[in-house]
Amino acid sequence: MTEAAKPVPPKPTPRPAPESIPYWEAAKQHRLEIPRCRACGGWWFPPSRSCPHCMSADVEFKQASGRGKVFSFVMYDRVYHPSFAEEVPYVVALVELDEGPRMISNIVGIPPEDVRCDMPVTVVFDDVAEGVTVPKFKPA
Amino acid sequence: MIETSNDLRDTCAIVGIGNSRLGKVPGVSSLDLVVEAMRNAIDDAGLKVSDIDGILCRGPDEIYSHHQEVGGRLGINAKFSTTVTNGGASQILSVALATMAIKHGLATTVICGYGRDAWSRTHANEEARVRNETRPPSQLPREFGPEYGYYSAAATHAFGATRHMHLYGTTKEHFGHIAVAFREHALRNPQAQMKKPLTMEEYHAQRSIVRPFGLYDCSLRSDAAGAVIVTSRARAKDLKQPPVVIKGFGTHNNTKGWFADDNMVVTAAKQSGERAYAMAGLGPRDVDTAQIYDCFTYMVLTQLEDYGFCKKGEGGDFVASGALRMGGALPTNTSGGQLSEAHAEGVLQLVEGARQMRHAYPAHRQVKDAEIALISGHGGNQVCHSTLILGRA
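Chains as they are written, first to last, in this note's numbering: chain A, 1 to 140; chain B, 141 to 533.
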């Protein structure tokens, strides 16, 4: 087999922590649901079972607006995992949701060179594999 | 106002300093490298290994019982010993814990050290590197990263660099000044891993890794270890070397996370430094040389701001002024740092800061008339920080 014909391995898919399962289940339905505190109204991410704002255990998953902005980002030229060989250069961003929490994601639908800090973005859902959906963001 | 007790100021001293072979040392485990550095530190101090009654060290992540392994290889029992797991902040934290233990009678003579075999083993090839960088291990969750192609400490720190550039107009050229200055220092250090000069043109032509970082923004992959020995000022008087006095230290950990608040542009060096200055009764203007945790170029720039050597946002101008070079306003990472000497998670910055206080270097390596050295440690998940201020007796 020549180097060029070497099969590209599949991209890693999420292996959720128990407390993140509702997030990934909602993503499959193309909804961005993140933890919110019924006691103080605070939002946070990544998921955990008590509120980091007030330590209440009265928490729920609630649909977020899906709107936010790019807090910061990086652009990969190096291939760290062979499944991303065809993707470089690609952008990994820290998106700050309008609700406050920040999450790692990709910015898609824009040339990587045009991504900027504080740029408004909105969620899109990428059905990456059977039963697996990964939330990403595109320019708003 | 931060209230910091100063009853530890000037109570202890570093009396032994050692490092292992640096760079590419195949066939030697990280444990043997740290023991090699410790043996050199014990010889340097004129002590016998049986004089050591405390061990504080950081080991490779998979060896949680590291201090026990080290004690076994040194052939000693310890009154006070543990493994410290604050990443690159561990080495200075070890010196801080040693000082507290000695002050309160839990031990008399504590050895602190760290070693890694990153060149030979943990980062030896692509497979090992990815395995090392896709923590947590297989039985733990893996989400919010790998599915987006988010890998490497380079990327995590690069988020801070991007944000700093956005807020303050910091440029790649600024990062280049840091890489070029430290390379120049490495050329004065015969043990340094990097032997060739680095020009600004070569810096700009570097291979891109994770923008904004290229190859020369990233610290080295090294087999390397270092160690220091801490004892009381009273005991230090009877030992072989001029004691290097521990004037102050501080720690701060932004445990809410690197991605929380403004932590990626105002690091825990700020509060850690304020505490160390308060304990020492000193400020940034008193510091003659700095040894800053340089896992990536940007981290030097932001820490220089956070330590008050210049204002927030003015780090670019500060490094462009030539301040970091030998003969500059604040000669920094004078052994070449982790960018050009060898990367051992900050222990070599501790070793170099202490050596500068002995005034035993030949003139081209010695920061002239240096009386005070500041050393930083940064690590864990980018949020742990420790600061040490050393002086001459």
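If you are wondering where the hints come from, they were derived from the structure by calculation, not from laboratory data.
Every value quoted in this text rests on a predicted model; they were computed, and no experiment measured them.
Glycine included, every Cβ here is placed at the ideal spot set by N, Cα and C.
Hints are not guaranteed to be accurate.
Said to hold, decoys possible - Computed list of chain B residues with no C-beta within reach of chain A, every gap over 10 angstroms:
#, residue
1, Asp-183
2, Thr-223
3, Ser-292
4, Gly-300
5, Gln-381
What the hints assert, rightly or not - Here are some chain B residues pointing at chain A (derived, C-beta under 7 angstroms):
#, residue
6, Pro-286
7, Glu-287
8, Tyr-291
9, Arg-303
10, Tyr-308
11, Gly-309
12, Thr-311
13, Arg-351
| So which of the earlier hints does this model not fit? | 3, 4, 10, 11 and 12
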